[in-house]
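S.K.: Below, each chain spelled out in residue letters.
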Amino acid sequence: MPNASKSLLSYGLPALVLIVAIALFPSLAPNPYILSSGVIVLNWAVLATAWNFVGGFTGYISLGHGALAGLGGYATGLLITKADLPSFGALIVAAVLVAALAVPIGYAALRVRGASFVIVSIALVLILLLVFQSWSSVTGGSRGLVVPRPFPGMLRPDHHRAFFFLYGGLLLLALATWWLLDRSRFGMGLKAIREDEDKAESLGTPTFAYKLTVFVVSAAFTALAGGLYALWFGDLDPVFQFSVLTGSYIVLMALLGGVRNLYGPVLGAIVVGVALEYFKVEFGNSPLHLVTTGLLLGLVVMFMPDGVIPSLTALVKRLRNREDSSIREVTAADLAEQRREREAAKS
Amino acid sequence: MTLKTVGLRKAFGGVVAIDGADVEFLPGKVNALIGPNGSGKTTFFNCVTGMIKPDLGSVVFGDRDLTGRAPHVIARAGVGRTFQLCRTFPRMTAVENVLAAVRPGGVVHGLRSSHRRTETERAHHWLTRLGIEHLAEAEARNMSWGQQKLLELAGVLMAEPATILLDEPAGGVNPALLDRIGTLVRELNAEGRTFVIVEHNMDLVMSISDHIVVFDRGRPIAAGPPAEIRADERVLGAYLGV
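Protein chains in written order, with our numbering: chain A, 183 to 529; chain B, 334 to 575.
If you are wondering where the hints come from, they were derived from the structure by calculation, not from laboratory data. The beta carbon of each residue, even a glycine, is placed where N, CA and C say it ideally should be. Please note that the accuracy of each hint is not assured.
[To be verified] If you anchor each label on the Cβ, the simulated ranges turn out as follows:
| id | chain 1 | residue 1 | chain 2 | residue 2 | range |
| --- | --- | --- | --- | --- | --- |
| 1 | B | G525 | A | V498 | 48 to 58 Å |
| 2 | A | R502 | B | R450 | 24 to 34 Å |
| 3 | A | E519 | B | P360 | 40 to 50 Å |
| 4 | A | R293 | B | D355 | 30 to 40 Å |
| 5 | B | E470 | A | P487 | 17 to 27 Å |
| 6 | B | P369 | A | V285 | 43 to 53 Å |
| 7 | A | L497 | B | E520 | 44 to 54 Å |
| 8 | B | L511 | A | K188 | 33 to 43 Å |
| 9 | B | P360 | A | L354 | 49 to 59 Å |
| 10 | B | R474 | A | I309 | 22 to 32 Å |
[Claimed, not checked] One-sided excerpt, in silico: chain A residues whose CB lies under 7 Å from chain B:
| id | residue |
| --- | --- |
| 11 | I222 |
| 12 | D266 |
| 13 | P268 |
| 14 | W361 |
| 15 | R365 |
| 16 | S366 |
| 17 | R367 |
| 18 | A374 |
| 19 | D378 |
| 20 | E379 |
| 21 | K381 |
| 22 | S384 |
| 23 | L385 |
| 24 | G386 |
| 25 | T387 |
[As the list claims (entries may be wrong)] Covered stretches of chain B (in silico footprint by chain A; criterion: 3 or more residues with CB under 8 Å from a CB of chain A, positions within the stretch not fixed):
| id | stretch |
| --- | --- |
| 26 | 418-424 |
| 27 | 430-438 |
| 28 | 533-539 |
Modelling step: build the complete structure from the supplied sequences, incorporating the hints.
M.R.: As structure tokens, then:
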């Protein structure tokens, strides 16, 4: 069991740094462009953290979360334009609707494991892309959907600032929820599913209900991020909203930071999100950012399968205490010690 | 509570793994299920614990019909099991492996800490009882095969099943540990737990069981106390091919 000081160091301190950074960033940003990039990076951070409810706890790798964000965005936009709901009312209702829709989606998708689940999740994106492109009488099709701004008179920099804080609040909420689940019995059951699903089931964990529940929670947070994006950006296009790339970036971010860690996806989102913005500025629409992110994903999977945070923690631990290099050695030493003690007791 | 099957049948394509098995295990006793390789013992276990749905027949525990129910429902009804190739949660510590067997029971309970004191103490109790308490904070993947077998049993015991099914508890363990497992089973049985053991090690089976069921070609061919089974011609035939 992690003791109080350890959990303060690994959860409390980063939380404090994150809160201070979110509070200060808009005042420190030199221009509105940097501020808008900050909004985009926070959007990625929320998406990656939301994804980690499924990916990190249960080990089910979904490439379809981009579609859930797209659904959240479109639902928010359509509820405002077609149902005349107020902007943030529409955002909440949209998240509830996507969560409800996640029940049948999860019911079908979570029946298969491993690579099959990945493929089903990709299929979700492609199906929704077709639906939203073709159903143009409702969605606007490839012409896109214009979403009215929630703060009509607001100047652009203030608009970015407001959304930066909204995203910051959503990120903290998502992190707090993940932390709550991580330390709970429910979370223990989910992690048992990640480790060995049949074994968890045989110990009495209703694995399917667990997976479905956490998928719905994940979908709700993803939809909130997508809905906020719709309100902030004001224009939705099916090609970008229902893109397999979005899901791939989310997976890359989560894996890069470390999926077993509360802050892993946030760190990954900052690294990859900033890199993506940089590539967009420096190389425009060239496919160079795809090549680089692909390369990065390969490197992470090969050399840091647990992500940056666990690799760095392990490195620090090794440097600090060279003798304490692995559990196996400690265990062997423990056993030898016990053997000596037993022999001493006998003689 | 008596665990029994009536007319249980399971075929994989053309291969009939279990062929109309009527088996009744004695409650409060150590039961053994023996038979040659491929006689359907593990498939039988999997049907009883819900990992595989039988084609025909029924599984009854006490007065509950558990046929075709989900494994977690059967586990919660009080039938625990270990696996032939022992299965633990590799990247969780030993104590977490045991705590994973705690039933959340409802949303409020589910959101409570997984390391609550009463449960953690119970988990340590089982680790101590099985002699692996010193490894409580070690990840299961770093433990030896024998230690993992004990850990798997600790997890099953944490869930407090009335009946425990052990699939080859002696598989791949050294003689000292074998003795310890035998003693443990007898002790845990004396405390009121029913055991059903699939095992090839005849010394272990004969020394710890009260009741032996012999399987051949997917159905029981004999059942009775060890002395009776040892002298049974049909058993010798099935095992030795005479």
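S.K.: Look at each hint and say if it fits the structure.
M.R.: Verification of the hints:
no.	hint	in the structure
1	G525(B) x V498(A): 48 to 58 Å	50 Å, holds
2	R502(A) x R450(B): 24 to 34 Å	31 Å, holds
3	E519(A) x P360(B): 40 to 50 Å	43 Å, holds
4	R293(A) x D355(B): 30 to 40 Å	33 Å, holds
5	E470(B) x P487(A): 17 to 27 Å	22 Å, holds
6	P369(B) x V285(A): 43 to 53 Å	47 Å, holds
7	L497(A) x E520(B): 44 to 54 Å	46 Å, holds
8	L511(B) x K188(A): 33 to 43 Å	39 Å, holds
9	P360(B) x L354(A): 49 to 59 Å	54 Å, holds
10	R474(B) x I309(A): 22 to 32 Å	39 Å, violated
11	I222	33 Å, violated
12	D266	35 Å, violated
13	P268	31 Å, violated
14	W361	12 Å, violated
15	R365	5 Å, holds
16	S366	5 Å, holds
17	R367	4 Å, holds
18	A374	4 Å, holds
19	D378	5 Å, holds
20	E379	10 Å, violated
21	K381	4 Å, holds
22	S384	5 Å, holds
23	L385	5 Å, holds
24	G386	4 Å, holds
25	T387	6 Å, holds
26	418-424	holds (count 5)
27	430-438	holds (count 6)
28	533-539	violated (count 0)
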